[in-house]
Structures are given as C-alpha cells and as structure tokens.
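Asker: Listed below are the residues making up each chain.
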Amino acid sequence: MSTPSTSSPPTPAIVLDDVHKWYGRVHVLRGVSLAVAAGERIVICGPSGSGKSTIIRCINRLERHEQGRILVEGTEISDEPRTLAAIRREVGMVFQSFNLFPHLSVLDNCTLAPIRVRGLGRADAEARAMEYLKRVRIPEQAHKYPPQLSGGQQQRVAIARALCMQPKIMLFDEPTSALDPEMVREVLDVMIELAESGMTMLCVTHEMGFARRVADRILFMDRGEIVESGPPETIFDHPRSERLRGFLNQILHQT
Amino acid sequence: MARRLLSALVTVVLALILADIAWHFFSWAVLHAIWHLPENAAHAPDTDLCRAAIGHGACWAVIREKFRFILFGFYPYDAQWRPALAVLCFVALFALSLAPKFWRPSLILLWIVILAVVGVLMWGGVFGLAFVAADQWGGLPITLILATFGLAAAFPLAILVALARHAEGLPVIRMLAIAYVELIRGVPLISLLFMSSVMLPLFLPTGWDIDKLLRAQLAFVLFAGAYLAEVVRAGLGALPRGQYEAAAALGLSYWQKTRLIVLPQALRHVIPMLVNTFIGFFKDTSLVLIIGIFDLMTTGRTATLEPAWQGFGNEVYLLLAAIYFAFCFIMARISRTLERRLAAPHQDIEEPA
Ligand SMILES: Nc1ncnc2c1ncn2[C@@H]1O[C@H](COP(=O)(O)OP(=O)(O)OP(=O)(O)O)[C@@H](O)[C@H]1O
Ligand SMILES: [Mg+2]
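Residue numbers (the numbering used here), protein chains in the order written: chain E, 1 to 255; chain D, 1 to 353.
Don't read these hints as lab results, they were simulated from the structure.
Even glycine gets a Cβ: it sits at the ideal position worked out from N, Cα and C.
Chain E side only, calculated, beta carbon under 10 angstroms to chain D, not exhaustive: (1) Asn60; (2) Ala85; (3) Arg88; (4) Glu90; (5) Val91; (6) Gly92; (7) Gln96; (8) Asn99; (9) Leu100; (10) Phe101; (11) Leu104; (12) Arg116; (13) Ala158; (14) Arg161; (15) Ala162.
Start from the sequences and build out the full structure, keeping to the hints where you can.
Answerer: What follows is the structure, given as structure tokens:
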C-alpha cells in the first residue's frame with residue numbers, strides 16, 4: 001500500500017526545486033525542494049502560518065513563486081497561458097471553504113469545467129458528473145444548489161467537481177477544518193477511497209488518523225521550510241527535531 | 001388602550017386629510033374639467049372658456065389639442081405613424097423583457113432587431129419611407145431612444161470599465177478606467193451635454209458633422225457608463241475571493257471565469273442599485289432640453305408657450321409625469337421580477353468561516 005507505483009520511466013508528478021516566495025518583505029517559502037512520485041499520497045502538516053497553503057497554491061499557480069522551479073508532470077509552471085491552462089487541467093484543488101459556485105446547481109458546478117475547458121459534450125459531462133457524485137455518495141443532490149447543502153455535502157460536491165476534470169493530481173487545503181465534527185468523517189471517507197484508487201494527492205490536514213492511514217509520506221513544515229519528512233510511523237513515533245515534537249504535543253493535546 | 005385610541009385617531013385624521021385632497025383633485029380634474037372647446041372665428045379652439053375655469057377646473061382640451069405635438073414634436077405630421085410605431089416597438093420590447101419565459105440569449109438578438117427597426121422607422125430613406133432628419137424628431141421617441149440606446153450602450157461599457165478597475169495585472173488600463181470614472185463623475189451632466197453639443201464640433205476635423213442627437217447620446221452613454229461602472233464594481237467587490245480562485249483552479253480562462261462565474265453573481269447582487277441608476281438616467285434624459293433637443297419634456301413645455309395656451313402647464317405636466325411614471329414603473333417591475341427569479345433557487349449565500 002505504501003509503495004508508489006514505479007513503472008517505466010518515472011517522471012515525478014510534481015517537482016519543487018529550491019522554491020522561494022515572499023509576501024512583500026516576508027519570506028514565506030525558504031527554499032522548498034520536493035519530488036512527488038505519481039500515485040504518491042503526501043500529507044503536509046505544520047503550525048499555522050508555516051506556508052502549507054502557500055506551497056499547495058504555488059503548485060497550481062494560484063500564487064506565484066519568486067525563485068526556484070516547479071514542474072508538474074514534467075512541465076515547468078509559468079504564466080504562459082497555454083502552459084498554465086495545461087497544468088490546471090491536470091491539477092484539481094479542494095479548498096477549505098468549498099468555494100462552490102452558488103448560482104449553479106450541483107450538477108452544473110460539476111459539468112462547467114469539463115464542458116468549457118475539456119470540450120466535453122453536455123450529455124457526456126452530465127454522465128461523468130453523476131458518476132462522480134455517486135462516488136462521493138450524493139447523486140440525489142444533483143439538482144439542488146450549493147447553499148441548500150450541509151458543509152460536508154458541499155465539500156463532497158467540491159471533490160466531485162474537481163474529479164470531473166479527471167486530473168492526475170489532487171490538492172487539498174485543509175478540506176475538513178471548516179466542517180462541524182460530525183461531517184468530517186464523511187469527507188475523510190471519500191478522500192480515503194480516492195487515495196486507495198491510486199490518485200496522486202497532496203493534502204494539508206491535521207487529521208492524524210487520516211494521515212496515518214493513507215499517507216506514503218508526511219511533510220512537517222515550519223517557518224517556510226520542510227523540517228522533516230518521512231513515513232507516518234517515523235514522523236509520529238520517532239520525531240527527530242524539537243520543532244516537530246513541540247507541534248505533535250500541541251495537536252495531540254488538542255484532540 | 002390609550003395607544004390604540006391615539007393610533008385610531010391619527011388614522012382617522014390622516015384619512016380625512018387625504019380624502020379632502022382627493023376630493024379637491026377630483027373636483028378639479030373631473031367635475032369642473034373642460035374636455036372640449038368650441039371653435040372661434042379663426043377656426044381655432046376658443047380658449048377663453050378654459051381661461052375662465054383656471055383655478056377650479058382642469059382644461060384637458062389642451063391635451064386633446066396638443067397631444068400629437070407633445071408626443072412627436074416637429075416630426076412631419078402625416079408621417080407621425082412612424083414614431084408612434086417606434087414607441088410601440090419600445091413598449092413591446094420592454095414588455096417582452098418583463099416575461100421570464102423570454103429570458104434566453106435570443107432576447108438580445110430581438111433587442112438588436114427591434115432597435116434597428118426603430119432606426120429605420122425614424123430615419124426612413126429606405127423601403128419607400130421618406131427621409132426624416134434627426135433634428136425633426138421630437139417628443140416621446142427621443143426620450144425612449146436616448147434612454148434605451150444610452151443604457152444599452154452604457155451597460156456593457158460599465159461592465160468593461162468595472163472589470164478594468166479590477167484588473168490587478170494591468171496598471172495602465174486600471175488607471176485609465178479610474179480616470180474615466182472620476183472625471184465623468186466629477187462633472188454635472190448638464191456641462192457634459194454642453195460640451196458635447198458646443199465643444200465637440202470644434203475638435204472634429206472640418207467637414208465632419210455629427211448629428212446633435214448623436215452627440216447628446218454620446219454624452220449620455222459616457223455619463224451613465226461611469227455611474228453604472230461604480231455599481232458593477234460594488235458587485236465585483238462583494239464576490240468572495242474563493243470564487244475567483246475556484247474558477248481559476250478549474251482551468252477556466254479569464255473571460256470564461258468572468259462571464260460564467262463572476263458577472264452572474266456580481267450583477268445579481270446589485271440589481272436594485274442597477275435599476276435605480278437606470279431609472280435615474282431615464283429621467284435625466286429630460287436635461288437635453290437645455291441643448292435644444294425636443295425630448296418629451298421639451299415638447300410639453302413648448303406646447304404651452306403658444307399665447308392661446310399659456311397658463312395650462314399643470315395639465316401638460318401631469319400628462320408628462322404620468323408618461324414618465326409609466327416607464328419607470330415598468331423598469332421597477334422588471335427589477336422586482338429579476339430579483340425574485342434569480343434569488344428563487346438559493347438560500348442566502350453564506351461563507352463558512
Ligand atoms: N495574501 C497574503 N499577503 C501577505 N501575507 C500572506 C498572504 N497569504 C499568506 N500570507 C502569510 O504567509 C505565511 C504563510 O501562509 P500560509 O497561508 O501558507 O500558512 P498556512 O501554513 O497555510 O497556515 P494555516 O494553517 O493558518 O492555514 C503566513 O505568515 C501568512 O501570514
Ligand atoms: Mg492554510
């Protein structure tokens with residue numbers, strides 16, 4: 001389960017090579033390097049403000065990095081419209097606050113990008129949307145509008161919406177932290193299923209149970225750096241750095 | 001108990017006051033009104049009868065006598081069926097736009113076709129219709145043309161300007177948009193109209209002569225565009241950042257994002273403000289009076305300048321008020337229908353913390 005598929009020429013799904021980012025004069029990413037193999041499941045954790053969201057958002061260019069290189073499926077990210085479009089087609093993203101389009105029905109949320117960006121016909125797009133809505137277990141909500149759904153349902157729609165583009169990589173930025181506790185489970189279950197289907201995933205989350213269960217690798221970030229990385233057992237049970245020990249203490253006492 | 005009594009008393013007193021006002025109006029407008037005048041020796045209506053009734057009876061005969069001039073100004077008398085038809089075209093267009101079942105993309109096409117038909121009717125020069133220069137147009141069609149073409153052109157302009165003000169990556173375009181809005185907003189419409197009618201010709205190459213109506217129309221579009229742009233910008237600003245990000249993350253291009261995600265939501269937020277601005281500008285068209293364009297307000301005023309008819313302004317202005325009210329009321333209704341329609345399937349949009 002924890003061995004990423006190492007078939008023929010192994011182009012990493014994502015490569016970050018000494019990536020730096022500043023917000024004004026604040027240095028928020030300080031030389032992050034990382035290679036993610038196809039099919040690998042990565043969980044990123046770390047204290048608030050450590051740069052977790054920023055890394056995720058640089059990978060699909062919602063934020064721009066100032067230095068270093070980011071390659072997605074072997075293509076270097078740039079502002080060149082065609083490159084950008086190609087990368088965003090292959091990278092799906094799920095946000096903490098769902099960000100569904102409230103003026104479109106659940107079904108239209110799911111078919112919009114496949115039709116407009118992938119050029120799918122409406123019938124095909126709808127069939128595909130229903131398939132993914134079934135996978136996230138809410139096909140019966142297809143004709144409702146997002147504001148009529150619970151948070152957990154909205155987040156599952158958001159996952160289905162991203163999957164409808166059939167991306168090779170999925171990014172999650174704290175997908176369960178805006179949810180009431182009783183809804184966290186239903187979203188995590190969907191994510192576990194997705195992980196088991198072989199999707200390349202990068203998740204920012206503090207759900208340690210989830211991390212232990214699906215992560216191939218955990219990255220611990222602090223102050224814009226990857227401080228430690230390794231399989232869950234190593235990170236959780238044998239933390240090496242003081243910073244990670246402090247962080248683990250903190251979240252274990254919270255939950 | 002004392003409160004109930006007091007409120008009942010207030011109600012009664014108010015009702016009595018209203019009834020008294022209504023009675024006076026009824027007495028003036030109906031009971032003592034003069035609807036028809038005998039002819040005098042010169043075969044013109046003898047207005048002395050009306051003059052004797054001034055103060056206690058309305059002289060509706062002035063409307064009967066002058067309504068064609070008020071509605072159509074100096075448009076050739078025999079061809080006035082053409083502006084009449086143009087007005088009907090506008091009314092039909094507004095009525096169709098009111099019915100949700102016609103809200104399809106083809107409605108825009110219908111707008112274009114009808115506006116073209118209006119142009120043909122008014123100008124003529126084709127299909128055997130005699131040519132009528134724009135300086136002979138007048139009355140209601142002028143008001144409707146200025147308002148409808150003006151807003152139809154100002155609205156897209158406003159959207160582009162509002163988008164430009166939001167374009168963070170394009171500082172020059174952004175500055176231009178800000179300069180446009182601030183310049184136009186800082187100047188009264190009257191001075192814009194003067195500038196367009198007096199100054200613009202000075203800047204144009206000799207031999208170029210843009211029609212006065214067109215120049216006023218241009219000033220009007222620029223003015224309405226600036227105000228509407230601010231309304232649209234408020235809508236854009238109200239949209240949560242996450243909506244832009246989600247659309248971008250799905251790979252939508254800038255224009256797809258704008259057309260499919262941003263504008264539908266941003267405009268929906270500001271429908272009441274938009275329509276409010278529309279109504280304001282509909283009435284502001286009456287300001288073209290000062291540059292000598294015979295819109296509805298000007299023809300109405302002119303009708304009572306003739307010596308025989310002087311002193312009957314109340315009746316004419318009541319008619320004008322009724323016409324303006326009817327069109328503004330239609331707009332208000334469209335706004336209400338739109339709000340209800342677009343809000344129906346949703347609950348209030350709430351952003352999780
Ligand atoms: N738009 C912005 N402008 C300025 N500074 C920002 C901006 N976004 C983030 N930052 C700063 O960048 C740093 C990293 O932020 P980031 O959102 O990546 O942290 P995070 O690890 O995701 O934290 P959290 O757990 O709170 O989500 C923080 O210090 C934050 O204050
Ligand atoms: Mg974050």
